[in-house]
Amino acid sequence: ISGNIIAPESPEEWEDGDQGRWLHFTGVGDLSLSGGGIVDGRGHQWWAGACEDENCTSYRQHEVAPMALHFEDCQDVSVKGLTLQNSQRQHLVFTRCYNVEANYLRVTSPEYSPGTAGVLVVSSTNVHIKDDLFSVGGDCVSIVGNCSDVRLRAISCGPGLGISIGGLGENQSNHKIEKIKTDTMFISNTKNGVRVKTYEDGCGFARKVKFAQIMMRNVANPIVIDQHYSAANRGTQCGTPNGSAVAVENINYIDITGTSATERAVTFACSDAMPCRRLYLDGVNLTTAGGGSTSAFCHQAFGKHVGDVLPESCLGKEDFVQLQAAPTTGDAQDGEDAADW
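Note that this note's numbering has the sequence shown beginning at 61, numbered continuously upward.
It is worth saying that the hints were derived from the structure and are not from the lab.
Keep in mind that the hints are not guaranteed to be accurate.
Unchecked claim - Restricting the straight-line Cα-Cα distance to at most 16 Å, the calculated cross-link-like pairs of lysine to aspartate or glutamate (EDC-like) are:
1. 190 to 171
2. 140 to 171
3. 241 to 191
4. 364 to 332
5. 251 to 286
6. 241 to 161
7. 241 to 209
8. 251 to 230
9. 364 to 323
10. 251 to 342
11. 239 to 209
12. 140 to 90
13. 190 to 132
14. 251 to 332
15. 241 to 315
16. 364 to 378
17. 251 to 209
18. 140 to 209
Computed from a predicted model, the values in this text were never measured in an experiment.
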């Protein structure tokens, strides 16, 4: 792609059969998209229709707003060197794909554009996202469904909502996320930094996740685990609301430094039914923009830290949770195998 690909500007110009997708590849293998071209979704009218107030502090995403570039059931895909901008919804989506690269991309949309994630990875395996710049209204990168072996490296993110795993377990589903590695990232002026979020009525797990070598600047919530993303409180295919939840364990935070836009820099709001286990902090140093101290909040969060961390760790000791919670879903120890996956 060496020129510009431009979408119709008005939602009314889209035929009913085309709604929800624009550039859509399905069941394709050995495909490479490269060049210095621009894919422009011209999504301003879609965003205006989604916003529920003048400043778009709340919105309802149009269910059939197109995704700009969507790969579904594909393998051996490379997207490189493109500019993706102003998508109506997500800019780049991989659904049930295997062996994917998304490198040297520039992905931009205004901060006020609702739901305009940079890259959305859905139930895909062996995904490498590196050397990319994201400045969007949604998550810079979002990982959902059943994913494994996803690597993010050399990423600039901001503004936007940060890097997100989940929400997992939506609509009482069973989602399994593991072997996610991020390193060498710069996150600035975002609503969140690195976040794991799960629905209370879901099941499955998020485990073997490594967030490392990340510089934060003016990030509102630098480190977040939120297992109360939805308070639906219904029975699930895994059991009852009081007996199951998405298990979050073996999450490593290593060499994460910089500034928080809020006094609370770390939030581990974990489930009573399935507490967070084997959380690991090493080299975390987050202050306010003025150099002041920050705080951490923990609820049912267990693990350990190495050396001095700022804010001071509030993690409970692991031996306590082992007496309270269900058996672990894996055999990894805190931090020990982080370099191996």
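Hints, verified against the model:
A threshold of 16 Å between alpha carbons decides the hint, and for residue 190 with residue 171 the separation of about 22 Å lies outside it, so the pair is violated. For a cut-off of 16 Å, the pair hint linking residue 140 to residue 171 is broken: about 24 Å separates their Cα positions. Taken as a hint, the residue 241 and residue 191 pair is honoured in the structure, with Cα atoms around 14 Å apart against an allowance of 16 Å. In summary, the hint linking residue 364 to residue 332 is not supported, as the alpha carbons are separated by about 19 Å, beyond the 16 Å threshold.
Only pairs whose Cα atoms come within 16 Å are accepted, and residue 251 paired with residue 286 is accepted, the gap being roughly 14 Å. For the suggested pair residue 241 and residue 161, the alpha carbons sit about 15 Å apart, so the restraint of at most 16 Å is met. With a C-alpha separation of about 8 Å, the suggested pairing of residue 241 with residue 209 holds against the 16 Å cut-off. Under the criterion of a C-alpha separation no larger than 16 Å, the hint pairing residue 251 with residue 230 is inconsistent with the structure, at around 22 Å.
Straight-line distance between C-alpha atoms of residue 364 and residue 323 comes to about 22 Å, which puts the hinted pair past the 16 Å bound. Simply put, residue 251 and residue 342 have alpha-carbon atoms about 23 Å apart, too far for the 16 Å limit, and the pair is violated. A distance of roughly 5 Å separates the Cα atoms of residue 239 and residue 209; the hinted pair therefore holds under the 16 Å criterion. This hinted pair checks out: residue 140 and residue 90 have alpha carbons roughly 14 Å apart, not beyond 16 Å.
Restraint check for residue 190 and residue 132: not satisfied, since their Cα atoms lie roughly 20 Å apart, outside the 16 Å limit. Distance hint between residue 251 and residue 332 is unfulfilled; the C-alpha atoms sit about 26 Å from each other, more than 16 Å. Annotation: proposed proximity of residue 241 to residue 315 holds, straight-line Cα distance about 13 Å (limit 16 Å). Distance check on the hinted pair: residue 364 and residue 378 sit about 7 Å apart at the alpha-carbon level, within 16 Å; holds.
Annotation: proposed proximity of residue 251 to residue 209 is violated, straight-line Cα distance about 26 Å (limit 16 Å). For the hint linking residue 140 to residue 209, the alpha-carbon distance of about 20 Å lies beyond 16 Å, and the restraint is violated.
Going through the hint list in order, the structure does not satisfy hints 1, 2, 4, 8, 9, 10, 13, 14, 17 and 18.
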